[in-house]
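Peer 1: Residue strings, one per chain:
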Amino acid sequence: MRSLQVWLLPASITLFTILVAFPLSRYMAWIMDGRYRAPRLLRWIEARLDSGAQDWKQYAVSLLVFNTLLFVYGYAVLALQPWMPLNPQHKGMLAPSTIFNSVASFMTNTNLQHYSGEVHLSNFSQVFFVILNQFVSASVGLCALTAIIRAFRGASRVGNYFVDMWRAVAYLFLPAALLLGVLFVSQGAPMTFASSYQVGTLEPNAMGTADNGQAKAQTLVVGPVAAEVPIMMLGTNGGGFYGMNEAHPYANPTAVSNFFVTFAMMVFPFALVLMYGRMLGRRRHSWVIFLVMLLLFVGTIGWAVWFDTLRGNPGLTAHQERALKIASAGRAGAATAVRLPATGGLPVDQHLGNLEGKELRFGTSAGATFGAVTVDVTCGAINCEQDSLNPLAGLSPMVGMWLNCIFGGKGVGMINLLLFLVIGVFLAGQMVGRTPEYLGRKIGAREMKLAVVALLVHPLLILGPSGLFAATAWGQKAEGNPGAHGFSEIVYQFSSASANNGSAFDGLGVTYGFNDNPNPSPEAVPWDLATGLVMLFSRYLPILAPMALAASLGLKKAAPSGLGTLRDDTFTFGCLLFGTIVIVGALLFMPVAALGPLAEHLGPIPFGG
Amino acid sequence: MAGNIAKSLWLLFLSVVVCCLVYPLILWVIGQTGFPFEANGSLVNGPDGKPVGSLLIAEPFTRDEYFWPRPSAASYDASASASSTLAASNYLLRNRIAQALGPIVRYAGGPKAGQPVAPDIEAWFQRDRYHGAPHIVAQWADLHNELAQAWVGADPSHAAYVAGWVKAHPELAAKWAQDNPGSAAPAPADLSVVFFADFSSRYPGRFPSGVAKQLPSGKTETIIEPVATGVDIQATFFDMWRNDHPQVDLAGVPADMVTTSGSGLDPHITLDNAEYQLDRVAKKWAADTRRDPGQVRKEIQQLVTRSAFAPMGGLFGEKIVNVLQLNLELSRRYGRPPA
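Note that the protein sequences, when read in sequence, are chains G and U.
Just so you know, this note's numbering puts 245 at position 245 of the first sequence, and the rest follows in order with no gaps.
Position in the second sequence (first residue = 1) + 1000 = this note's numbering.
With the rest of the complex left out, here is chain U (with noise of 0.2 Å):
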């Protein structure tokens, strides 16, 4: 026994000299002398001379100035890289694909092809019937318990109008009471939605949402009102207007602009989805330098097809773009977009 434990820690020794110290040296020098650049992150400059990022890492863009990089599950946090983790039968997922399509989907077919539509989901949702029933909010909620709980937790000021609203209403939290007898009071996501039900009767073809409001004060501050329109209408309930119209002919929107990479920090898109990003990109940048819109986009357009590249040169799938390369390109060309 000895013995053995005497040759174990001899092949202990050695292992950790030659595995931990000799072996990650020798590639430590080649890394830092051969090649550097990638050695050290891949670390990129931006005009003014400082780094803005590594080409592999995706950083987010916002600006319609900018093509934007694929959503991420990790926030673009490159300390703790993430992967939504949802699987595809979860509801979850394709709520979140539903709610990134509302705002931008178009028409493919029939006599609006080609324009957005956002304005007949909002037509729709003021009719306020689903499937033949009345009440789109109430039955949203109903079909979809987490949803609607979710958004009472979403923020601060959401919990404080569910619990304005049964304060205002007390017979909704003695209805809830006498459902789920024994149970303590209830807290605002409790109530979601009950919540829900009633303000659907009581405002039909309206959502609770945040508007902007100026303050005598000069100062704005954002406050919960019922409203007919807005991006969150046509992001929470594009599904089921889809669902209301399942024939209706749409444009596809590109795979990778609404689902999140494996790291969340995936610093590609497709070829495609450059494309399809490219008429709000050229339209700004035109608007930012007063030039011809037509002339921009060309420009733009040849931008994005010379730095397009494939995996393996094309034998192995189709082309990509480099986020970040490209709108560095960009801020080289035009200059920094107006604050």
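Chain G on its own, in the form it takes in the complex (with noise of 0.2 Å):
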């Protein structure tokens, strides 16, 4: 009954979100190829925003231009908090690195939160800032990738980026995000623009006693809450209303709720990669991309659960002695040895998995499910606390922030699989000594340049600062845990900024408030001025090179595929690319993923302390 409760949830939403996918994959083709008749005044908006057909550098052009103008409008509304209206409770101005950070995060779809929504933002800030990022910073994915697949079908002229932008805030995004509001306020979620309610409790004085011998209240922050959660989950955006996000009962307050959350940010990112073989005319290998995605995916999930729900905490449970040799660093062949003395197991029934963490209302698997999918699909949600999964359990979504293309975000993810796929191609060509095609156009020293600039921005912006920031007081003082798993806060808060995904190992100290707040985390500044660079960095260069690639590519002649083709539509090839994700990933994170998650299962339980 209870392994049946375990992996029904995963497997149903994953059915569910499938069948979903095929009709709106099918319905974003339609839109994004324009072949829509739009009603007199969605025509008359279109005609202000249509700046004529683009190449593809015009498009980028323009893409960058619009994402300036974003930054600047977003640093502008939450350096202006205090004077905004809806902003009863005063909130002051964040401070400016934070404010940078934050700007930096929503814009290229991160979401990553160096501040804690209900205690730093005002609703107007929510609103303007938040909702707006999220709507837009999904279509930019989205867009990028169109002109890509438009660029592959062969045209020098790839689309208009501004009507493309419309189209998918206004028509894909706007209509999804109004029915899941609707089934999220019936839920619970709040939809009112008052900020916060005092209210007592049923137990007098349970809050403790105010100075002035009165009960103290229980203060209650609401708002806008089911107008933001359809936009931060269909955008995979992930930036929560609360601090702790979809964990939070407001935000996501029954199983019904926490279902449609986790669909909801899975379904755009499934329906894309049909939509690339729609638009594209080959459906059949898209089914092949997706299906390497979806093996991935299940694999992730099912580790994580396996991890997570299946076993119990570890540091509760009873521990033989060990005998450790631990090599010296300095002198080869030298070894101290450790002797751990044996551990008594707390008695705690932990038949529903590891709980520190985790709520009960989603269902058993909930968190640990949750917390894989949001990683895959770069949402970056969460609806348990990452920092405190088992051991292992947490590699799970650091390799989905790390490989990056298990459907991944808003067009990004299918955009970095095609690197992979380039890659794979690239391989296969050498091993049989052919040139090697995709689409049947062949890959030259250009294209190869460009994907693997691209494929190694990911590896170097995540390790090169997790190195800097583990050796400085930098890093080392922001860890909230002791041990590898400190090292594995500070891998993942860079492995999310990269990703632009936006989860968190919470414990790291990266919070620094107000601008006048006297008591910030010590180390907050250079950790917001660090990851914010990461996350332009990590999302601007993935969309440009390979769109560069993909206009090469596409004016290239197609050959017609012969005997020694390399189809792309077969068994063989999802092969070759899994091969290629798998391994291309191994060899770039293995050497973390030893330090850090798997030293931290292997090495002493209980810790520190």
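It is worth saying that the hints were derived from the structure and are not from the lab.
The reader is advised that the hints may include incorrect statements.
Unchecked claim - With a cut-off of at most 25 Å between alpha-carbon atoms, the simulated SDA-like pairs for lysine to any residue come out as follows:
| no. | chain 1 | residue 1 | chain 2 | residue 2 |
| --- | --- | --- | --- | --- |
| 1 | U | K1167 | U | A1185 |
| 2 | G | K477 | G | L529 |
| 3 | G | K449 | G | F578 |
| 4 | G | K449 | G | L541 |
| 5 | G | K91 | G | F71 |
| 6 | U | K1050 | G | K449 |
| 7 | G | K477 | U | P1186 |
| 8 | U | K1219 | G | G213 |
| 9 | U | K1319 | G | T14 |
| 10 | U | K1319 | G | S3 |
| 11 | U | K1319 | U | F1309 |
| 12 | U | K1050 | G | A206 |
| 13 | G | K91 | G | N517 |
| 14 | U | K1284 | U | R1306 |
| 15 | U | K1112 | G | T317 |
| 16 | G | K216 | G | S186 |
| 17 | U | K1050 | G | Y197 |
| 18 | U | K1284 | G | K91 |
| 19 | G | K91 | U | S1075 |
| 20 | U | K1219 | U | S1157 |
| 21 | U | K1284 | G | A206 |
| 22 | U | K1050 | G | Q89 |
| 23 | G | K91 | U | A1080 |
| 24 | U | K1112 | G | G345 |
| 25 | U | K1213 | G | D211 |
| 26 | G | K91 | U | S1079 |
| 27 | G | K216 | U | D1048 |
| 28 | G | K216 | U | D1064 |
| 29 | G | K91 | U | D1077 |
| 30 | G | K449 | G | G154 |
Claimed, not checked - Under 7 Å between C-beta atoms, here's a sample of chain U residues computed to sit facing chain G:
| no. | residue |
| --- | --- |
| 31 | S1015 |
| 32 | I1030 |
| 33 | G1031 |
| 34 | N1095 |
| 35 | G1114 |
Every residue, glycine too, gets a C-beta built ideally from N, C-alpha and C.
Both chains are sitting in their own frames, so use the hints and assemble them into the complex.
Peer 2: Structural data, given as structure tokens:
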């Protein structure tokens, strides 16, 4: 019975999403190809936006100009928070470094939050900064993918950026968000412009007594939550109204709402892969890609559920006495012997798995499932505390961010997969001694350079800063847990920034808070700046380079497929793609995995204290 | 370029209108007309008609008459949700849970099945031997420097006690200065380990703990004294007791009773947890209302069973109970507990 409950949750959500992704991908292709007939008002709006057909460079420039404007707008909204309406609690201005970080974070679809929503943002900022960015930044990646598809079709003009953006925002995300918004408000997500209530408690004085002898009230923070949750999930943004995101009962009130928030973050990434096949007229090819992604997807969920839901928290269980030999870093052959005494098991009934940091109302495996899904589709919302996942289970979200193409974010995941695909095709070509081809077009030196550059941005921006911060006080003093797990927190933060994910091992001390905060976390400013820069670089380089790649590939003449052609819609091709992703990913990140989650799992538990 | 900027401004303007004005307003109208209870935070009123909280947000309960929610890393502050962020490997997690368990754990088998372990923890503590070596408190401070330091910082009276102790035994500070050459004068927290080692040798089988004392003026004051029994000892030393008695069969406590949730505001507990608390709650209400304990227990048991529900009708998980709703039912049925 219990194992049925455990596996039914991820299985049913995944199946339901696949079913919806089919018709959705059709609708998306229909919209993005502009085959609809818009009513008059919408035609008027599109005419205001249309600046004519653009080649890929013009498209990219428009993308960058709009994003620059978005940065300025976002910075202004947050910096002016104290003077804006809908702020009855007179929330002040965030620290400038945190504003920079948040603006970079939301415009890049990352939604890493170095602040806490209910504490630091007014309802005005939640609507005019957060919700706006969540609609718009999700559309940016989708537009980039659309442009790439058009380039692959051989078009020298890849469409108009502004019209594409409007189509994605208004015709795709808006209707979907409205539908889900109604569902979430019916489940209990607040939808009000009031900002908080003071309520007494049933047991007087349970919250303690104030200085004047009165019983303390409980302050409930509310707001337009039901408006923010749908788009934060649909757009794989992940930046929550509340600090604890979708674990907060107002943001995610029931098992039903949890089912649909999980579905919401998956459905567009799923549909985008199918849309790719539809728009290219190569549906079988997109099915092969889809199945490779699905295999990795199921793998990460299965891994997380297996090690987190079907195992208790190892900090509470009994451990045998162990003798370890720790090799000396300084002298070859030297080692220190360490004896770890036996630990008795604490009498805790852990048949529901690791419950530290989990909510109860979603279902037994909901936390682990969500934890894996949210990184696969680079959403970054959380419905449990990722930091408290069992050590091996915590590896699953990291792998999702490192590979960054297990469906991946809006458009960007599919773009990342194309990079692996080009590399895979190249490797296969090398093995049989033929010039590699994709979509019948020969992949030359220029395309390979672009693919490798785009692919290497991600590991460089994770491993470089992680090493720097782990070696200095910036990282060491910010760690919230001792030992290998502290290192994992640093790696996770940069992985999350670089994958434009936004989830975190929350123990890391990265919050500065309001600008006038007398006791900010001392390492907050370097974290704000470093992760902010990582997010910006790892957003725009991996969008621009593949656009250039697609454009240069698309202009080549397509050769008819012959006997020697590597067919891209077969089982063999799927294996090639899968192998490339796993091997390249493993080579890049195995060492940090060994130093972080694997070391934590194999090392002494409990540790420190 | 000018064209790009103009079109970008148009796009931004239109997006703001659609996403920040039209979209939230539509949802607001639907929410406020179709689902006013949910859209306004699911607030519920108490017996006196005033709101006493939200059905979705945990609030603290401490009295024996009520069911208690899960522990909260946010101290039930619904304006700042928080999780513990403690890694499974972090000793502080194990320590927090062991502290919660010590006073409530019971034997599951053997001659003492069903009886609390706490008296045996105290007896073992008074014998003052851990892993065959003397002085439990000294070993505790040595194994867990962080906890020893945290004890000193936990309350001003603790720091004052340590300061007073060190003043009375100046050789401790002198030894510390010898071991840490070049350091500034130590703060009380720096001396925690030497303090506990010295304390343990002078008061074997004792631990410094707050004791309420009646002053001549009639006021009560909490004074730190070496004690041999009490919740402090049961909580602090349960983990060490367990390591000395790893084979003893103890009854498992429902995990949600001792783990904090992701938000710190989880409004539910498992049905197992509610049933674990049932005896305490029923006994107290029976005493308050001077009724037959068996009858009251049966009534409350029914109430718990009736209000339990499972996520997605049982497809996704085991039964849980909303704590505030259950306690509201109790207060409706039995009235307000005596002050």
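Peer 1: Please work out if U/K1284 and G/K91 have their alpha carbons no farther apart than 25 Å.
Peer 2: The given pair, whose Cα atoms are some 44 Å apart, is violated under the 25 Å limit.
Peer 1: Tell me if the straight-line CA distance from G/K449 to G/G154 falls inside 25 Å.
Peer 2: 20 Å, holds
Peer 1: Quick one, are G/K449 and G/L541 close enough, alpha carbons at most 25 Å?
Peer 2: Between G/K449 and G/L541 the Cα gap is close to 13 Å, so the pair holds against 25 Å.
Peer 1: Under the criterion that the straight-line Cα-Cα distance not exceed 25 Å, is the pair U/K1050, G/Q89 satisfied?
Peer 2: 23 Å, holds
Peer 1: Hinted pair, alpha-carbon criterion (25 Å max): U/K1050, G/Y197. Please report holds or violated.
Peer 2: 13 Å, holds
Peer 1: With the threshold set at 25 Å, check whether the alpha-carbon distance from U/K1213 to G/D211 stays at or below it.
Peer 2: 23 Å, holds
Peer 1: With the threshold set at 25 Å, check whether the alpha-carbon distance from G/K449 to G/F578 stays at or below it.
Peer 2: 21 Å, holds
Peer 1: Do the alpha carbons of G/K216 and U/D1048 lie within 25 Å of each other, as the hint requires?
Peer 2: 18 Å, holds
Peer 1: Measure nothing beyond the straight line between the CA atoms of G/K91 and U/A1080; if it is 25 Å or shorter, mark the hint as holding.
Peer 2: 14 Å, holds
Peer 1: Straight-line Cα separation of G/K477 and U/P1186 no greater than 25 Å?
Peer 2: 22 Å, holds
Peer 1: Is it true that the CA of G/K91 sits at most 25 Å from the CA of G/N517?
Peer 2: Judged against 25 Å, a Cα distance of about 12 Å means the pair holds.
Peer 1: Do the alpha carbons of U/K1219 and G/G213 lie within 25 Å of each other, as the hint requires?
Peer 2: Roughly 18 Å between the alpha carbons, so the hint for U/K1219 and G/G213 holds.
In the structure shown, a violation is registered for the earlier hints numbered 6, 16, 18 and 35, in ascending order.
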